[in-house]
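> Below are the chains, spelled out letter by letter.
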Amino acid sequence: MRRIGVFICWCGANIAGTVDIEKVVEESKKIPGVAYAGEYRYMCSEIGQDMIRDTIIEQNLDRVVVAACSPRMHEPTFRRAAESAGLNPYLVQMANIREHCSWVHKDEEEATRKAVALVRTAVAKASRSVELFSQEIPVERRALVLGGGIAGIQAALDIADAGYEVDLVEKSPTIGGRMAQLDKTFPTLDCSACILTPKMVDASSHPNINLFTWSEVEQVEGYVGNFTVTIRKKARFVDEEKCTGCGDCFEKCPSKVDSEFDEGLVQRKAIYVPFPQAVPNVPVIDKENCRWFVKEKCRVCEKVCEAEAVDLEQEDELLEKRYGAVVVATGFDVLGLEEFGEFNYGKHPDIITSLEFERLVNASGPTGGKLLRPSNQEPPRNVVFVQCVGSRDKSRGKPYCSKICCMYTAKHTVLLKEKYPQSQAYVFYIDVRTGGKDFEEFHRRAVEENDAIYLRGQVGKVFPEGDKLLVEGVDSLSGKTVQIEADMVVLAAAMVPRTDAPEIARLLTLGTDAHSFFTEAHPKLRPVETHSAGVFLAGACQGPKDIPEAVAQASGSASKALGILSKETLLSDPCVSKVDESLCTGCLMCIDVCPYHAITEKTIEEKVHGEVVKRVVAEVNEAVCQGCGACSVACRPGAMNVKGFSNEQILAEVDAVCL
Amino acid sequence: MRYSYYPGCTLKTSAAVLEESALNAAKALGIELVEQEEWQCCGAVFPLATDEIASFLSSVRSLDAARSAGEKLVTICAACHHVIKRANHVIQSDGEVRDKVNNYLELDNYYSGQGEAIHYLEMLRDDLGFDKLAEQVKEPLTGRKIAAYYGCLLLRPAKVMQFDDAEDPSIMEDYLSALGATPVEYPYRTECCGVYLSVNNEEIAAGMVKKIINSARRSGAEAIVNACPLCHYNLLELQDKTPQGEPVLPVYYFTELLEEALGVKREVEEKTR
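So the sequences go chain by chain: A and B.
To convert, note that position 44 of the first sequence is 44 in my numbering; the numbers rise steadily by one, no gaps.
Heads up: take any position in the second sequence, counting from 1, add 1000, and you land on my numbering.
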């Protein structure tokens, strides 16, 4: 007979308010195998933990059930308490009588009956639990950072400064990301490039950071502490060692195409450096638009390059690298506005997105920082800013708030007024949301000192009328429709994840929400971790964010990654799948359902009636397995069991709850 | 090509010219539009009350009859099309209404929204194809600057009607191009015509019509086409008149130009327009 101890927690009034604790204690004592049942006001307190430890020793308990909160909260606490009494920590079982019971019921009798059933269930499971032991896994003490925007740069610098090697992989030809495109930053109006470029240079010159720009991750294998990653270093067609950055090649290049960095407002060449401060300052040839690659004519860049750095025969390189931890910082895109025909975006040059406005006011932008109407290169007088274009819009756009638009639009109105004191800004908004340090003050400055006119309402139509744009909207506070003759209309389009986010999620087995933002492990208490151990999130790939938040999250991710890299070995969670080879039929359904690629097939030899027979069975890589249990569900002969959650244990729970 | 055809009341009375021209043009195109037997009024306005089923019955009868005949149901009047298409959507998506309507109608087969209602313009665009239509044009409307007016009933709600981009549609302009005309794009082509305000608050409706007409004229239009008897009435009756009492901008049903382009134009008495 087992000697199981049941410890019931009041959680102050959280549980005791709706559950009759005395009754639960009494009923628990009647369950076969229960040698002891007791209660305490706060079982997680030091006194409560001591009580568990002492009782295990005094009563000679061999299994423990703690009826308290969710195991997500305090399972580790109680496991430690049991361990201090010499019990294997995996012999502790929790019954969640708070979130699953007292918090969701009002009727005491009903709640008490359910609490008893939950205890009975946990006892049934505990009596079938076995000792489990963690394994030590060696750690590859290098980190991969995916994405070279401000979040990725910050994470890489933090990890590198702590003394570990980092590979920073960036898809585009330069690091810098979205922040490099911005003009000033709110609420201080620091010049974005002035604060960013030193960090870009730091990242490129740091002895612990290896930059892989114009590169993409192609394959990820392995698990926390031991990832093996294949990186495709796309052919740049320019030798990074030989190139002097003189710029002759793109001066002479005859092919022009819309500049991504300038949001299509101007054109770049087919061989190009995205912007003057690019890091590395080495051009790249865009194969799709290069005359040589399209028509096999030209090679002008090769001819003019005195350093002989242009190498049109260069090929993509595949690099295989090993890492202990990965930080994902792939950033955001701006929502396409095809669905929003009323704004006529794309049909008139003076109807632009906020990101295009950033380029138009930026000193390194197409107009050298003179804010001019793209249609006629004249200064604008009336500028209409439209907020929430695609944000907070369930029917055509995204239901969420993009968070940064209220602030950058306030900034745009201030910049407009600085450049043209005679100008007038109009802002159509749904709500103004300025939660953040010094944010509200900045917004008031836009309204009070810069006379921006804020109109609470939405715009129904924008169309050209003569050389102006007519904006028709509604001011819901006065209830009147408004018509404004504007010189320029700026649309605050919603923030969305990069289009390849689902692909990245697949490579790294990350969860995503309905909009393809990566999902954190817990929205409050594990905001930078993911459900894939060893993979962390930073910046807007996880949700709309401003610069300080992205940087803070990046440092958070870096410190989490360092938590792994600073150890020589990691302890694995023993609650992983195990194959009973005697039952396994080798159907290998488990391989298909495993989201972590933790299962492989292997051939075993058996003696059957004196003969040696070979057959195929499944094999679990315990270090990769996350214990999700999908294989166990798919396994027809019941050969797959998650340790700590075996089929036998689960069925015993079901039997017990049905009593 | 053969279709079940649902005319609706207005096409038999004040908008007779819409039906006559549509059927005449269809004949010229070799399209057979077979008028449904014993069709009933669609109800004219899509009912927003969620607890009544009576206003769906007529639509469902017609949809089911077309389905039984193995044909798509073609409509010409924008209002009828709107009601029938939306009723079909309710039947497809609301199990309770679906059951009640079926119980009431006692059809031979349970109707769960399998029928397909398409507008005449959709028939031309999706089934015939505007490119094929263009091939059949005998007297192209070359040089004619025509403004298309959409109104709301064909376009909205966009997710249900699935007619075209509600904010930036192009089906009528593409249609006009197929007829050889020069479509005039103007900002107010999707604005509201004032609908029934012309009955009880004509001033407001007239203001709205004026915006549309002026916008089309400023963009260089010499005529305006539409697909809705109510829009047609408002645009024609509420716009400014010349000293001779003529409308400043002629208003046509889209099918009238089709007849003309196909070379089968009939003599129409002015008052039926």
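I should point out that these hints are in silico values taken from the structure, not numbers from a laboratory.
Note that CB positions come from ideal geometry on N, CA and C, so glycine has one too.
One or more of the hints may lead you astray.
[Unchecked claim] Straight-line distance between alpha carbons at most 25 angstroms, and here's what the computed SDA-like set of lysine to any residue pairs gives:
id: 1; chain 1: B; residue 1: K1211; chain 2: A; residue 2: E342
id: 2; chain 1: A; residue 1: K370; chain 2: A; residue 2: K480
id: 3; chain 1: A; residue 1: K468; chain 2: B; residue 2: N1200
id: 4; chain 1: A; residue 1: K347; chain 2: B; residue 2: K1211
id: 5; chain 1: A; residue 1: K468; chain 2: A; residue 2: I453
id: 6; chain 1: A; residue 1: K370; chain 2: A; residue 2: C194
id: 7; chain 1: A; residue 1: K602; chain 2: A; residue 2: S572
id: 8; chain 1: A; residue 1: K347; chain 2: B; residue 2: R1144
id: 9; chain 1: B; residue 1: K1241; chain 2: B; residue 2: N1200
id: 10; chain 1: B; residue 1: K1159; chain 2: A; residue 2: D393
id: 11; chain 1: A; residue 1: K480; chain 2: B; residue 2: E1167
id: 12; chain 1: B; residue 1: K1159; chain 2: A; residue 2: G336
id: 13; chain 1: A; residue 1: K480; chain 2: B; residue 2: K1211
id: 14; chain 1: A; residue 1: K398; chain 2: B; residue 2: A1158
id: 15; chain 1: B; residue 1: K1211; chain 2: A; residue 2: G336
id: 16; chain 1: A; residue 1: K398; chain 2: B; residue 2: M1208
id: 17; chain 1: B; residue 1: K1211; chain 2: A; residue 2: Q458
id: 18; chain 1: A; residue 1: K567; chain 2: A; residue 2: E216
id: 19; chain 1: A; residue 1: K394; chain 2: B; residue 2: K1145
id: 20; chain 1: B; residue 1: K1145; chain 2: A; residue 2: L470
id: 21; chain 1: B; residue 1: K1159; chain 2: A; residue 2: P595
id: 22; chain 1: A; residue 1: K461; chain 2: B; residue 2: K1138
[Unchecked claim] Label pairs and their calculated CB-CB ranges:
id: 23; chain 1: A; residue 1: V257; chain 2: B; residue 2: S1093; range: 43 to 51 angstroms
id: 24; chain 1: A; residue 1: V257; chain 2: B; residue 2: L1057; range: 55 to 63 angstroms
id: 25; chain 1: B; residue 1: V1248; chain 2: A; residue 2: G264; range: 39 to 47 angstroms
id: 26; chain 1: B; residue 1: Y1104; chain 2: A; residue 2: V104; range: 40 to 48 angstroms
id: 27; chain 1: B; residue 1: G1220; chain 2: A; residue 2: I453; range: 32 to 40 angstroms
id: 28; chain 1: B; residue 1: A1054; chain 2: A; residue 2: L477; range: 48 to 56 angstroms
id: 29; chain 1: A; residue 1: Q377; chain 2: B; residue 2: G1220; range: 26 to 34 angstroms
id: 30; chain 1: A; residue 1: Y420; chain 2: B; residue 2: G1095; range: 55 to 63 angstroms
id: 31; chain 1: A; residue 1: K242; chain 2: B; residue 2: D1126; range: 40 to 48 angstroms
id: 32; chain 1: A; residue 1: E110; chain 2: B; residue 2: L1105; range: 43 to 51 angstroms
id: 33; chain 1: A; residue 1: E338; chain 2: B; residue 2: D1126; range: 17 to 25 angstroms
id: 34; chain 1: B; residue 1: G1095; chain 2: A; residue 2: K30; range: 53 to 61 angstroms
id: 35; chain 1: A; residue 1: V266; chain 2: B; residue 2: R1002; range: 37 to 45 angstroms
[Claimed, not checked] Interface residues of chain A toward chain B, partial, derived using beta-carbon atoms under 8 angstroms:
id: 36; residue: W103
id: 37; residue: G341
id: 38; residue: E342
id: 39; residue: F463
id: 40; residue: R615
> Each hint needs a verdict: does it hold in this structure or not?
Evaluated hints:
no. : hint                                 : in the structure
1   : B:K1211 - A:E342                     : holds (17 angstroms)
2   : A:K370 - A:K480                      : violated (35 angstroms)
3   : A:K468 - B:N1200                     : violated (36 angstroms)
4   : A:K347 - B:K1211                     : holds (22 angstroms)
5   : A:K468 - A:I453                      : holds (19 angstroms)
6   : A:K370 - A:C194                      : holds (18 angstroms)
7   : A:K602 - A:S572                      : holds (23 angstroms)
8   : A:K347 - B:R1144                     : holds (24 angstroms)
9   : B:K1241 - B:N1200                    : holds (21 angstroms)
10  : B:K1159 - A:D393                     : holds (14 angstroms)
11  : A:K480 - B:E1167                     : holds (22 angstroms)
12  : B:K1159 - A:G336                     : holds (19 angstroms)
13  : A:K480 - B:K1211                     : holds (17 angstroms)
14  : A:K398 - B:A1158                     : holds (17 angstroms)
15  : B:K1211 - A:G336                     : violated (30 angstroms)
16  : A:K398 - B:M1208                     : violated (32 angstroms)
17  : B:K1211 - A:Q458                     : holds (20 angstroms)
18  : A:K567 - A:E216                      : violated (28 angstroms)
19  : A:K394 - B:K1145                     : violated (38 angstroms)
20  : B:K1145 - A:L470                     : holds (23 angstroms)
21  : B:K1159 - A:P595                     : violated (35 angstroms)
22  : A:K461 - B:K1138                     : violated (38 angstroms)
23  : A:V257 - B:S1093: 43 to 51 angstroms : holds (45 angstroms)
24  : A:V257 - B:L1057: 55 to 63 angstroms : holds (59 angstroms)
25  : B:V1248 - A:G264: 39 to 47 angstroms : holds (41 angstroms)
26  : B:Y1104 - A:V104: 40 to 48 angstroms : holds (42 angstroms)
27  : B:G1220 - A:I453: 32 to 40 angstroms : holds (34 angstroms)
28  : B:A1054 - A:L477: 48 to 56 angstroms : violated (41 angstroms)
29  : A:Q377 - B:G1220: 26 to 34 angstroms : holds (27 angstroms)
30  : A:Y420 - B:G1095: 55 to 63 angstroms : holds (59 angstroms)
31  : A:K242 - B:D1126: 40 to 48 angstroms : violated (58 angstroms)
32  : A:E110 - B:L1105: 43 to 51 angstroms : holds (46 angstroms)
33  : A:E338 - B:D1126: 17 to 25 angstroms : holds (21 angstroms)
34  : B:G1095 - A:K30: 53 to 61 angstroms  : violated (48 angstroms)
35  : A:V266 - B:R1002: 37 to 45 angstroms : violated (56 angstroms)
36  : W103                                 : violated (34 angstroms)
37  : G341                                 : holds (3 angstroms)
38  : E342                                 : holds (4 angstroms)
39  : F463                                 : holds (4 angstroms)
40  : R615                                 : violated (50 angstroms)
Against the hints set out earlier in the document, violations occur for numbers 2, 3, 15, 16, 18, 19, 21, 22, 28, 31, 34, 35, 36, 40.
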